[in-house]
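Asker: Protein sequence lines, in the order shown, are assigned to chains W and H. All residue numbers for the first sequence refer to the UniProt record's numbering, where the first residue is 1 and numbers rise by one. All residue numbers for the second sequence refer to the UniProt record's numbering, where the first residue is 1 and numbers rise by one.
Treat the hints as calculated values from the structure; they're not laboratory data. Owing to the predicted nature of the structure, the values given are computational and were not obtained by experimental measurement. Heads up, the beta-carbon is just placed ideally off N, CA and C, and yes, glycines get one too. A few of these clues could be false.
Restraint ranges, calculated between C-beta atoms of paired labels, are given here [claimed, not checked]:
#1 Lys509(W) - Ala25(H): 54 to 64 Å
#2 Ala25(H) - Lys316(W): 46 to 56 Å
#3 Asp345(H) - Glu70(W): 29 to 39 Å
#4 Met266(W) - Gln40(H): 18 to 28 Å
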Amino acid sequence: MGAQKKSATARVSEDQEELARNPLQAILLADSFATTFRPITLERPKVLLPLVNIPMIDYTLAWLESAGVEEVFVFCCAHSKQVIDYLESSRWSSQPNFSVTTIESHNSISAGDALRLIYERNVIHGDFVLISGDTVSNMSLTQVLQEHKERRKKDANAIMTMVVKKSKPSPITQQSRLGTDELFMAINPVTKQLLCYEDKAEHSKGFISLDKTLIADNPSIILHNDKQDCYIDVCSQEVLSLFTDNFDYQHLRRHFVKGLLVDDIMGYKIFTHEIHSSYAARIDNFRSYDTISKDIIQRWTYPFVPDILCGSSAIKVERQGTYRASDVTLSRSAHIGSFTFIGQGTKIGNDTKISHSVVGEGCTIGSNVTIEGSYIWNNVTIEDGCQLRHAIVCDGVIMKSGAVLQPGVILSFKVVVGQQFVVPAYSKVSLLQQPTQQDSDEELEYADNTSGTGELRYKLNGDIAADLSETAYELGTGGVGYIWSVFEGAQDEEWKHSVAPIPKDKLVKLMLDKDEDEEQLTQDGNVLSASGELKADSDDNGSEDDDNADSRDDYGFFEKEVEATFLRAVHENVKVDHAVLEVNALRLSYNMASVDCAGAIFYSMMKLAVESPHHSASELHRNAADIITKWVKLLKSFLHDIDEEIEVILKFEEMCLESAKEFAALFPQVLHLLYDKEILQEDAILRWADEKEGADESDKVFLKSSEKFVQWLKEAEEEDEDD
Amino acid sequence: MPDTQALVNDFLNKLKKRKIEGSQATAKQTAELLRSVISQTRVPYTNQAAALIQSVKAVGEGLIAANPVELAVGNVVRRVLHIIREEDLSLTTAAMAGLNLSAVSDDEDDVGGDNQPVLSAAAIAAASRSTLRPPSLQTLLEDVPDSAAVPHTSSSGGDSEGKSKSADKSSRSRKLKHDVIEAVNELIQDINTCHEQIAEQAVENIHQNEVILTLGSSRTVLEFLCAAKEKKRSFRVFVAEGAPRYQGHLLAKELVTRGLQTTLITDSAVFAMISRVNMVIVGAHAVMANGGVIAPVGLNMVALAAQKHAVPFVVLAGSHKLCPLYPHHPEVLLNELRSPSELLDFGEFSDCLDFGSGIGAPLLHVVNPTFDYVPPKLVSLFITDTGGHNPSYIAEIYQLFVTSLRGEDMKFKSEIMKTNCVAGGNLVKS
């Protein structure tokens with residue numbers, strides 16, 4: 001080996017040889033710097049959690065090795081001892097051409113800290129792969145490395161290449177399969193440069209703001225929401241020094257990537273590389289743990305699948321995608337369904353049904369047990385008649401007979417669930433108590449962690465020295481463990497990241513929300529163009545016509561909104577002033593003129609009159625009169641000049657023709673009423689009459705019916721003039 | 001030694017990661033690796049054969065476990081083990097002959113060093129069997145527990161070894177290793193040239209104006225067809241593309257560059273086209289003991305279509321693909337399921353694989369098997385580098401030896417079977 005290296009260094013650098021000379025290095029962050037896997041990660045680091053019975057880090061290392069990486073620096077922080085011990089005892093410590101070096105730290109609280117530490121060690125000598133220890137992939141690095149190097153040669157500022165993969169977000173939840181929020185990326189389709197990265201975009205409002213210089217600088221931009229970030233980055237050395245220069249960079253994406261994209265002084269660029277046939281994904285939460293486990297069982301990660309990774313003699317794939325170790329004791333009446341993994345030395349009793357699940361090594365499962373979509377780790381004892389649905393059960397757990405786990409339950413290490421006890425959905429159970437206020441320094445996510453801060457947390461057991469009898473109570477007779485409380489506010493979010501599928505009622509709710517969202521989105525789209533944000537920046541004139549078409553639609557929405565507001569005002573006795581304010585707010589948000597408001601309000605008033613019970617025309621008239629009298633102030637506050645008044649008349653006319661024909665007979669009376677209430681001035685009525693004079697016969701129906709009234713007005717006017 | 005260890009690990013890794021594909025490449029590399037293992041093994045003064053066998057076995061077991069689907073690895077390991085025993089046997093019998101029947105010894109030795117280890121071994125085995133007295137078997141088995149797997153014939157070698165130990169052990173030890181390496185070299189040579197030897201028979205099997213159908217891509221088939229073309233045979237080839245990897249496309253391209261009239265069809269069109277075909281010629285992944293074939297996926301369908309229309313179904317297989325195991329044997333992994341991404345694009349189907357909504361279980365299941373099993377009754381002819389055989393012939397040979405060697409180590413059984421199969425092939429040829 002040594003000799004080989006020397007001879008290689010002696011060579012003068014040609015491009016290909018340069019590749020060969022610098023052994024490819026990788027930084028593997030064996031700490032997620034997050035708390036999503038609590039309470040499990042209080043006792044064991046995330047990278048050592050079994051994923052289809054193999055520690056996650058093994059998938060990552062196996063991939064790095066086969067992708068041609070020669071030197072891996074494993075950065076461990078939380079439970080560093082466990083990680084180091086594991087790596088030393090594993091096969092990774094003795095691989096030729098593949099060295100695994102651990103870097104230990106006790107005070108790093110973020111990926112940024114980790115990279116700064118690695119920079120100080122000065123071990124990285126060239127381009128490197130940055131990956132966290134919970135990433136599963138089978139992609140080939142050759143192409144992305146080559147692209148990266150070529151770009152570097154042309155432009156020294158191209159310091160990072162991110163690997164992305166197409167993956168559609170769920171249309172209902174706006175979440176990806178991996179339970180992460182929808183991710184927006186703006187990418188230049190020609191150069192593949194990443195221009196914008198928004199992972200917590202306010203998608204419900206449909207806004208995403210792009211710097212206008214981006215549009216000026218790039219002839220074309222594609223905005224993606226169907227890309228999944230694989231969290232595999234090919235970085236140049238500068239990345240490390242950048243982290244050191246900007247000591248406030250903590251999170252790789254939220255701070256570093258966004259920081260670089262915003263910062264145009266240094267001009268560093270990030271590019272993307274999309275993979276198509278290969279697989280890459282990162283386990284970020286319980287939902288992605290579930291999804292990726294299923295992907296592995298379905299062999300998307302081939303050749304990194306259990307039967308190949310653990311030496312095929314031990315585990316065999318049977319039909320229907322069932323993986324079974326060689327020495328499983330299986331009752332004849334037990335039914336192992338499809339996509340299930342059964343580990344070595346596991347015993348399964350009579351009439352037990354297992355499907356879509358992973359059962360680890362050395363487990364004892366009794367009779368009449370139902371296991372569905374669950375992940376059971378090693379040495380778990382499940383007694384007769386238990387039921388598990390979509391749960392994660394860690395090492396050494398004992399479930400006494402008849403215990404039930406509802407969907408989304410997490411049982412941490414060595415928990416005992418008592419007889420017949422039903423663990424409620426989404427609860428997390430651990431032998432350790434929930435940390436009270438500050439996170440133990442090992443596993444701390446910085447403050448903007450989504451799931452609330454320390455203040456929100458409270459202990460379920462007020463007594464710190466809670467003895468076992470108290471805890472036993474929590475998990476039924478003979479049970480041991482604390483049920484962690486869910487933070488208020490986070491409770492609604494729990495189902496999003498759980499291993500359990502999203503419950504039906506949530507789905508229905510989301511569907512409804514989504515429909516509303518869609519409505520809003522169309523409106524919002526219009527707001528964007530109408531307010532000229534995009535138009536001003538890009539010289540795009542083609543949208544003018546569309547705008548007009550849109551605005552007509554828009555008026556319909558606006559009218560509905562106003563009507564809803566008005567009805568609420570009527571039913572809830574909202575003060576007129578407030579109603580005026582609300583309508584005004586609507587006017588602003590929909591970018592309408594006060595003419596439109598007047599029309600809409602009048603429309604809603606008349607509609608209310610028609611809809612309220614009445615038996616004859618006179619009753620209807622009285623209804624209308626009542627409503628108008630009551631809300632005259634509201635209407636008047638939008639009638640600033642004569643045009644608006646005419647609009648009201650026109651609107652009324654329209655209603656009489658279309659939606660509320662009952663008013664047709666009452667047209668002159670109502671007109672008179674409006675005049676009486678000083679809503680309409682005589683000028684307006686006369687002007688309307690004049691305009692209508694020249695119109696078609698059909699249009700003159702109402703003019704004729706109110707001829708008398710108009711006549712009277714005219715006369716009154718003349719009289720006035722005479723005076 | 002550390003060097004070979006690194007080599008072994010490297011090869012193991014490659015096998016595990018499925019980086020080596022194709023049984024010929026695997027077989028060749030396995031043989032080369034074993035050669036270097038043998039040359040690096042330090043041989044003790046006594047019982048060199050056992051030492052060699054042990055080290056080869058140790059490496060071989062690892063290799064087989066690394067990728068049990070690649071049966072060629074096991075075949076080559078068995079062949080090498082057999083070579084060691086054979087050489088040891090020939091040396092000891094030679095030595096024995098030197099002691100007892102000095103007249104024959106020269107002759108025997110010549111044959112041992114000859115380029116036909118297979119035939120010589122058989123001859124020697126026969127000779128030694130006749131010369132040996134039964135009790136010697138017992139004594140040796142107790143002496144050398146390591147080579148318990150080494151049955152009667154070689155045991156005689158051990159027995160005689162004791163006698164001839166003092167005579168010329170140093171020269172013998174060097175000679176044994178040397179002979180074994182020579183023989184392994186020949187094996188590698190055989191694997192390298194098996195295409196040519198198979199291709200030599202092309203002209204006897206392909207006739208003027210015939211239409212040949214093949215599926216997927218196999219180098220053996222390519223060479224076979226081209227050899228016939230070179231002999232001025234004019235014929236047409238139908239190539240089924242071999243989904244999902246579409247290696248048939250590559251084969252078609254290659255055939256066209258060599259000037260063959262080629263038609264590319266989809267796999268599903270095979271049945272429609274088969275009535276126009278005169279012969280189906282395909283490659284194999286492995287040939288099992290019963291004469292069944294493990295072949296690229298889709299071939300069972302082709303074989304059934306061929307049977308329906310009484311079209312001869314010819315399988316080309318180098319002798320390194322002959323495997324002494326039965327397809328129902330628990331050790332045999334008949335198939336490997338590859339990644340679904342060969343069939344469909346993950347991005348397009350990602351919404352079907354969203355486990356968050358719905359019942360939480362995948363409704364879409366993509367199965368991508370690599371191999372098919374073609375039962376022996378569908379195969380009309382095997383063409384190996386030793387000649388053409390009927391499947392029942394292969395099965396017969398295996399059968400004979402499985403029953404005659406009851407209770408013995410399976411590995412050894414397989415070696416013997418191999419020998420006889422090959423020897424039988426030679427007989428057929430002559």
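Asker: Now tell me if each hint is right for this structure.
Answerer: The hints, checked one at a time:
1. Taking the beta carbon of each, Lys509(W) and Ala25(H) are about 57 Å apart, inside 54 to 64 Å as hinted.
2. Against the hinted window of 46 to 56 Å, the Cβ-Cβ separation of Ala25(H) and Lys316(W) comes to about 25 Å, which falls outside the hint.
3. Checking the proposed 29 to 39 Å range against Asp345(H) and Glu70(W) shows it holds: the Cβ atoms sit about 32 Å from each other.
4. Under the hint 18 to 28 Å, the C-beta atoms of Met266(W) and Gln40(H), about 55 Å apart, miss the expected range.
This entry does not satisfy hints 2, 4, going by the numbered hints stated previously.
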